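Asker: Given next are the chains, with one letter for each unit.
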Amino acid sequence: MAAPAFKNALVRWIDHRLPVFTFLQHELHEYPTPKNLSYWWNFGSLAGIVLVVMILTGIFLAMHYTPHTAFAFDSIERIMRDVNYGWLIRYIHMNGGSFFFIVVYIHIFRGLYYGSYKAPRELLWIIGVVILLLMMATAFMGYVLPWGQMSFWGATVITNLFSAIPLIGDGIVTWLWGGFSVDNPTLNRFYSLHYLLPFLIVGAVLLHLMALHRFGSSNPLGIDVKGPQDSIPFHPFYTAKDAFGLGIFLIAFAGVVFFAPNLFGEPDNYIRADPLVTPPHIVPEWYFLPYYAILRAIPNKLLGVIAMFGSILVLFIVPWLDTARVRSAKFRPTYRKFFWVLVVDCVVLGYVGANPPDGWFIVTGQVATAYYFFHFLILMPVLGLVERPLPLPHSISAPVLKPAEGKA
Amino acid sequence: MAEAATATKGHADGETRRDFIYLAAAGMGAVGAAATVWPFISFMNPSADVLALSTSEVDLKPVQEGMSITVTWRGKPVFVRRRTKAEIDTAAAAKLGDLPDPQPDAARVKKPEWLILVGVCTHLGCVPLGQKSADPKGEYGGWFCPCHGSHYDTSGRIRKGPAPKNLEVPPYAFLDDTTIRIG
Amino acid sequence: MRRLISAAALLLALATAAEAATGPKPSAQHWSFSGIFGTFDRAALQRGFQVYKENCAACHAALMLSYRDLRGIGYQEDDVKAIAAEAKVMDGPNDAGEMFERPGRPSDKFARPFANDKAARAANNGAFPVDLSMVAKARVAGPDYVYALLTGYGPAPAGMTVVDGMAYNAYFPGNQIAMPAPLNPDGVAYQDGTKMTVEQQAKDVVTFLTWASEPTLEARKQMGVKVLLFLIVFTGILYAAKRKVWAAVH
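Chains as they are written, first to last, in our numbering: chain A, 1 to 408; chain B, 1 to 183; chain C, 1 to 250.
Errors might be hidden in some of the hints.
As the list claims (entries may be wrong) - Mimicking DSBU-like on lysine-lysine, the simulated pairs with C-alpha atoms at most 30 Å apart in a straight line are:
#1 B:76 / C:109
#2 B:165 / B:110
#3 C:81 / B:111
#4 A:35 / A:226
#5 B:61 / C:109
No lab work stands behind these hints, which were simulated from the structure alone.
A quick note: this is a predicted structure, and the numbers were derived from the prediction, not measured.
Turn these sequences into a full structure, and let the hints steer you where they fit.
Answerer: The following block contains the structure:
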């Protein structure tokens, strides 16, 4: 790695002793990136920015929040009413959580469509799944903090999942609660962990970036960069593209924060937590609904919990479940169709999760759950072996295919 | 279309327009970032409920001559002292030239009998002694700060020690003869 | 594509089925505070506060409100002081160690009608009068629902028996509500000549309750318009910058 020649003498002095500027130059400026990335590749950097926004607003909210069952609800309302711009920072944090999941889910589906998890990027993908799990834990605990009805009953229901574990389940639940129900000790530890986990996410994101920069970004064609003609420096090309994408994202985000801030929320969470009254219809936050549907699709408690966790854990082995020789679904006509079936399947699961488990919803939920696992565990390995992919272009710079070949 | 037009106009024009767009983008980014910072700074300032509590009413009836009471205002102690004739006279007699922070006693009270002070040493914020009869009152018979040895007189003016200023007089008003409102 | 369409059709069918299972949907009212540029109608807010004070406050607390907040519905500082002073607030302990009652101050929270939740329940036949400061936010379609509830009283349909001490309400879950119809025609004396129908009172009090649940609504929408305008222009410029940068590649 040849050190770049910096003009500024102070920069040179520092860089000679601590090569941060060389590092930034290599990883953010020169970093060769495939020239054909589409806007679907914006969501990675967007997710990083949303993470920063969440940590920043979260640190400020913590300055006025009181983690005690007697004061938590009131302290949030005080932030909303009396603290200067408290409503703004709280609504950004609250909706930022939802937007974080929107961005990350798109990022994940992009990876699935374009086979971004395939060798040599298996670890990159696995770290990504770890980030997803950390995000889910953080979001779940954060949702408890306002101490509304949904906070309380969500916490009760989700922690009770662990009681499905044979023999030690009840002991684990008591341990999680620090008592015999969700109460002040639970709220306190959730607050502590909700503050901690985002920094673990930052650590995981850095590893994610390290793994990414080892082989560089994948691309819509799924073929490797073959030479300098295929790639362009990250700056200014992708900084400019990411900045524009960020602008679009901020418009959508501001639209919700300022004009529909409770769009993703449940009205019940504006009722103070009452340990004696369960709301008639309790649902988790929207981003957990598909998993919730999988949990309820299976009549057995333990198996339901296993299926729910399994639906995320299965993502860890996706790099090995996919047996196809090409990366991108662009060249896999059959797989491409099933990819969209999976997207619809996840939406259906989400819809089922939002509704009471009776009548049609039970059957629909079970079919959708079955398809979810079928897709990953059977379809992916089998289709990879039997499907004949379309011919790949020779390089990123020359992706032109003859129409006749495209139809094959 | 616009780009094609610029391209044909030649190098110089293209450069200007490109520079303008980059400058506009960077400028708006800077403005946006600066505007975003303000809510966060403001967030840490006193909130509406804290500001609303910034007045306190004090009933003076139970305070005898020579006695002091301590009340709270904005979370700080406020000394209310009903001064004796002798204390008023010593305070009035002090020569302004001897004072580190010259201020006549008359400018520090509304009624000479009642001295109202924020009970926070102007050095580093400790609460001076002198409210209880058993407390050391310092060399000038007023208050004595135990943290770094500042002596205040019977008008709450600094006379000796590291404190730079007299004890602060809070804004207050007599609602009637025996009630004041601080703040 | 065909799969997508059939999935969408399935979703639609499910949605309709789900809706039929619940009670009547509150019809959408026109509110001064809805929409991007929505602001609270100050006159309606003050009338609504009057309705709240005279008809609701005897049983329902508004825990999140302070008297000083009433500046936000157009009252001047002296009005607020006078309104606060009408209330009796428990304070103390005094120097003798005793709690005492004093007239309210603007910095006080709205006085509660009952000392605590159990007292509220005991005085109301076991039914708890909910806190009203959040109710417009704490119900699905909050303002429309509260309006529908307040105007939804009437005789029970044939075949339905209403338990003693309960009233029939078309919009309350289960249709039986412990609160008797709270609003009556001419039940409050409006000062500004507005007709004192039940519908008008309901509309005014819902406006007030919506403000109570989110006093910062106007500030939020006004800032939102500015932020969006800024972002749209900024994003346009970013797009132009991106095109310029990429002109060399395409």
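Asker: Check whether the Cα positions of residue 76 of chain B and residue 109 of chain C lie no farther apart than 30 Å.
Answerer: Given pair residue 76 of chain B, residue 109 of chain C holds - Cα atoms ~23 Å apart, limit 30 Å.
Asker: Residue 165 of chain B and residue 110 of chain B: Cα distance at most 30 Å?
Answerer: 20 Å, holds
Asker: Given the hinted pair residue 61 of chain B and residue 109 of chain C, is their Cα-Cα distance within 30 Å?
Answerer: The given pair, whose Cα atoms are some 29 Å apart, holds under the 30 Å limit.
Asker: Does the alpha-carbon distance linking residue 35 of chain A and residue 226 of chain A stay inside the 30 Å limit?
Answerer: Given that 30 Å is the threshold and the Cα spacing comes to 12 Å, the pair holds.
Asker: Is the Cα-Cα distance between residue 81 of chain C and residue 111 of chain B 30 Å or less?
Answerer: 28 Å, holds
The structure shown violates none of the earlier numbered hints.
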